[in-house]
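Read top to bottom, the protein sequences are chains A, B and C. If you use this note's numbering, the first sequence corresponds to residues 1 to 373, in order. If you use this note's numbering, the second sequence corresponds to residues 1 to 153, in order. If you use this note's numbering, the third sequence corresponds to residues 1 to 350, in order.
Just so you know, the hints here were simulated from the structure itself, not pulled from any lab data. Nothing here was measured: the structure is a model prediction, and the numbers come from that model. Watch out, some of these pointers could steer you wrong.
List of simulated lysine to aspartate or glutamate pairs, EDC-like, C-alpha gap at most 16 Å [unchecked claim]:
(1) B:Lys84 - B:Glu22
(2) B:Lys142 - B:Asp96
(3) B:Lys44 - A:Glu303
(4) B:Lys23 - A:Glu14
(5) B:Lys44 - A:Glu216
(6) A:Lys177 - A:Asp147
(7) A:Lys248 - A:Asp284
(8) C:Lys151 - A:Glu14
(9) C:Lys151 - A:Glu39
(10) C:Lys151 - A:Asp37
(11) A:Lys57 - B:Glu111
Partner residues aside, some chain C positions facing chain A, computed with beta carbon under 7 Å [what the hints assert, rightly or not]:
(12) Val50
(13) Ala52
(14) Trp306
(15) Trp309
(16) Arg313
(17) Leu314
(18) Arg315
(19) Gln318
For every residue, glycine included, the Cβ atom is placed at its ideal position computed from N, Cα and C.
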Amino acid sequence: MDTTTIKNNFRSEEYQINMGPQHPATHGVLRLLLTIDGEIIKKVEPDLGYIHRSIEKMCERDSYQQIVHLTDRMDYLSSHINNEAVCLTVENALQVEVPERVKVIRTIIAELTRIASHTLWWGVMGMDVGALTTYFYGFRDREMINDIFEETCGARLTMNYNIPGGLMFDIHPNFVKRTKEFIAHFKTKLPEYDLLLTGNVIFQKRMKGIGILSKEDAISFGASGPVGRASGYSCDVRKHHSYSAYDKVNFKEILKTEGDTFARYQVRILEMWESLSIIEQLIDNIPEGDFFAKTNTVIKLPEGEFYEKVETARGELGVYIISTGTKNPYRMKFRSPGFSNLSLLNHIAVGGKIGDLVATMATLDLVIPDIDR
Amino acid sequence: MTNEALQNLISTWIPELEFTEEKSQFLNITVQPEQLHQLMTQLKSNSETNFDYLFCLSGVDWGAALGVVYHLESTAHRHQLVVKVKTEDRENPTFDSVWTIWRTAEFHEREVFDFFGIQFTNHPNLKRLFLTEDWDGFPLRKDYVDEINMIIK
Amino acid sequence: MNITKNIHEWLFSLMPEATASIVEMVLIAVVYLAIFAVAGLYLVLLERRVAAWFQLRLGPNRVGYQGLLQTMADALKLVSKELTVTIKADKFLYNLAPYFVIVTALMALSLFPFSKEFQAFDINIGIFFLTSISSIGVIGILLAGWSSNNKFALIGAMRSGVQTISYELSVGLSLLTMVLMTGSLQLSQIVEVQKGGWLIVQGHIPAIIAFCIYMIAGTAETNRAPFDLVEAESELGAGFHTEYSGMKFAYFFLAEFINMFIIAAIATTVFFGAYLSPFGITDNIPLLGVFWFLAKTLVLIFLMMWFRWTFPRLRIDQLLVLEWKYLLPLNLLNLVIMALIVLLKLTIHF
Numbered sequence: 001m002d003t004t005t006i007k008n009n010f011r012s013e014e015y016q017i018n019m020g021p022q023h024p025a026t027h028g029v030l031r032l033l034l035t036i037d038g039e040i041i042k043k044v045e046p047d048l049g050y051i052h053r054s055i056e057k058m059c060e061r062d063s064y065q066q067i068v069h070l071t072d073r074m075d076y077l078s079s080h081i082n083n084e085a086v087c088l089t090v091e092n093a094l095q096v097e098v099p100e101r102v103k104v105i106r107t108i109i110a111e112l113t114r115i116a117s118h119t120l121w122w123g124v125m126g127m128d129v130g131a132l133t134t135y136f137y138g139f140r141d142r143e144m145i146n147d148i149f150e151e152t153c154g155a156r157l158t159m160n161y162n163i164p165g166g167l168m169f170d171i172h173p174n175f176v177k178r179t180k181e182f183i184a185h186f187k188t189k190l191p192e193y194d195l196l197l198t199g200n201v202i203f204q205k206r207m208k209g210i211g212i213l214s215k216e217d218a219i220s221f222g223a224s225g226p227v228g229r230a231s232g233y234s235c236d237v238r239k240h241h242s243y244s245a246y247d248k249v250n251f252k253e254i255l256k257t258e259g260d261t262f263a264r265y266q267v268r269i270l271e272m273w274e275s276l277s278i279i280e281q282l283i284d285n286i287p288e289g290d291f292f293a294k295t296n297t298v299i300k301l302p303e304g305e306f307y308e309k310v311e312t313a314r315g316e317l318g319v320y321i322i323s324t325g326t327k328n329p330y331r332m333k334f335r336s337p338g339f340s341n342l343s344l345l346n347h348i349a350v351g352g353k354i355g356d357l358v359a360t361m362a363t364l365d366l367v368i369p370d371i372d373r
Numbered sequence: 001m002t003n004e005a006l007q008n009l010i011s012t013w014i015p016e017l018e019f020t021e022e023k024s025q026f027l028n029i030t031v032q033p034e035q036l037h038q039l040m041t042q043l044k045s046n047s048e049t050n051f052d053y054l055f056c057l058s059g060v061d062w063g064a065a066l067g068v069v070y071h072l073e074s075t076a077h078r079h080q081l082v083v084k085v086k087t088e089d090r091e092n093p094t095f096d097s098v099w100t101i102w103r104t105a106e107f108h109e110r111e112v113f114d115f116f117g118i119q120f121t122n123h124p125n126l127k128r129l130f131l132t133e134d135w136d137g138f139p140l141r142k143d144y145v146d147e148i149n150m151i152i153k
Numbered sequence: 001m002n003i004t005k006n007i008h009e010w011l012f013s014l015m016p017e018a019t020a021s022i023v024e025m026v027l028i029a030v031v032y033l034a035i036f037a038v039a040g041l042y043l044v045l046l047e048r049r050v051a052a053w054f055q056l057r058l059g060p061n062r063v064g065y066q067g068l069l070q071t072m073a074d075a076l077k078l079v080s081k082e083l084t085v086t087i088k089a090d091k092f093l094y095n096l097a098p099y100f101v102i103v104t105a106l107m108a109l110s111l112f113p114f115s116k117e118f119q120a121f122d123i124n125i126g127i128f129f130l131t132s133i134s135s136i137g138v139i140g141i142l143l144a145g146w147s148s149n150n151k152f153a154l155i156g157a158m159r160s161g162v163q164t165i166s167y168e169l170s171v172g173l174s175l176l177t178m179v180l181m182t183g184s185l186q187l188s189q190i191v192e193v194q195k196g197g198w199l200i201v202q203g204h205i206p207a208i209i210a211f212c213i214y215m216i217a218g219t220a221e222t223n224r225a226p227f228d229l230v231e232a233e234s235e236l237g238a239g240f241h242t243e244y245s246g247m248k249f250a251y252f253f254l255a256e257f258i259n260m261f262i263i264a265a266i267a268t269t270v271f272f273g274a275y276l277s278p279f280g281i282t283d284n285i286p287l288l289g290v291f292w293f294l295a296k297t298l299v300l301i302f303l304m305m306w307f308r309w310t311f312p313r314l315r316i317d318q319l320l321v322l323e324w325k326y327l328l329p330l331n332l333l334n335l336v337i338m339a340l341i342v343l344l345k346l347t348i349h350f
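Pulled out of the complex, with its shape left as it was, chain A reads as follows (with noise of 0.2 Å):
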């Protein structure tokens, strides 16, 4: 037989595989179709609208108040950013001043969001890639901060403590002394972190020079948040649009110029120890004042457009108003951060092989919920 007939017959096949909706590894419920010769993977086809819960279209009738609380269930991991955004945008185009005391306490329940997100990240991505104990050593960190939200917001996951003007509450006197002892903690722990995953030879050899972007992909992508800085695109939002108390404190901003997964993994990590910076200028100093600043119990925008951008843990997330003067906005969207970094896994991920998809596809840290609204 001559080479070509050798060849026609044993010509490999591409095939296709689910991964999905349901995963071990709480991604959340999307599924993707991959198309796959052998081990290599051809095309990536993300499923979503599993838990499109039509967020937009319910913002149409329900007032301001009843919108920050939908928000929460966006991206459940950052809920306080999400309602400080819708918040932002409706102070702003009412032109409401909040008190130095609101913007002080708002950043520094942020940043514990953020730090309480990226634990929750750490675990899952030591579980993606095979080191199934990190998982209960991020809870463990994370669950003393949601120990303080519990204390003062009243709950764990969905904090609903933003409201347009302000906060609902004060905090709890013993707000300042546990997130004190919490950064005490956390100091000793994010070390360990280093020392079990980032430093092993084996964890390194998975994620360098896999799921390369470049810095022009990620701006052409709308990558944002750790994706974008990752690349070198410095896209931190607290830096650029600040907000809250962010023009008052010291931080820098983490940018790596590789744009592998090892450089997302890395400013995560490094964006932890940021967090931790800025809390500690922040607690000590919490201005005293009033916790919300008066505004009318049926809230009417003024006729016009309005947009705020927030920094959640996963990248930028945005909050776009189309209001008429009434009591509910006309038009809103969510601009969410998921949604972007989602539409650059198929360019990452072709040429790889399947477990690198799962490396890549954990540190995009998506959240499903988020781009599904």
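Guided by the hints, dock chains B and C onto chain A, whose structure is given.
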């Protein structure tokens, strides 16, 4: 660049643009559907404007017209801009796709198609994104009626 | 107090020679089966408690005193499960596959010298027999994947097959390195030689290298983490035993733990002196050798469990690169060094 400088520069490219800064914190440009792709390409490629970051693409049902709102930002100059495009055709609304200019538009335009029914020419994969393939109607339009699922107060 | 010798003589005095030897063999088989089926169950419980200890939690401690009856309860549950068979599965091979795996595992157990008197089968090609038996186990895995008629099971079985046959080389070569010092493949001979000091001490540097390579390759042989791509690839299915349930699944599961015991027991015999106590302190007390053997084996099993709960997983191509590009050349080099050391009489003797 300030909004005024932007307005001066962009109005030299295409004469029929409408500029406004009322009721919005950004400079708003309303463009006709035929000139959309040309305007967008120039906004990105021109080195003084350099709008390389499309950070929000929303579909809006304006009552009589259907439209799309693009929020643009430049990572180099840090100025922002809003571009709006509308069409009165509610049966078959069509605009040009901008996914070749900003790759993020691929998924955002699918979402707009899913909820508003607006078609985009030259889109690689214009299918519904969130809803199932056989869903009837476009939910975010103002005239959408669903007796079972919608609770109207 | 030579129990085995007494029973042997009693049986032979009771019946003609042929039947006596058959009865003796059946008796030994039943005893081993009973002990190791139960031992497998307790190894599972040990794994769960050790995992819990690493993960800052308690583990099963409710069923029975400190959870000792937990695996018994799990086994009862497994026995009562519905035996599903897919219509398109190749019935004969589908039913045959688990037996390959569990029978070879149990056969290998019969060679170990638990004590001077307790060794069921002292064949003169001991080490060779052990490595060949584990090779037959691979056939079971491939049959399971193929006959399930399920593409995920097939992928898992192929990966597992590739992994096992690659790492067998390293296992065999590292054991061969130690055999250079003993001059015999027979397990009781190997233990005799270690009366002058454990082999890992006698062989110093090349023996330590051989031990490290053996532990890595042994962990890969049993498909445990960090080489558990096959079974913990839970994103794509449960590997080659996706389509099995009930008792057949229990066979695969048990076989994994018994394999772990076998790898640890071989290391104990060849490197750490089997039933000999350190410095020969209690060698005069009969039957205490069993305690020493089990203690050393349990330490090595703990080491393997420690690997599982600490390290991330290797990708399949990284796994194969590790074997073919790093472990195999290192092993061959080590073999040459050991040969030189034995030739030049540089081993440490006591």
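Legend entry - Non-conforming hints, listed in increasing numerical order: Hints 2, 3, 4, 12, 13, 14 are the ones this structure does not satisfy, whereas the remaining hints hold.
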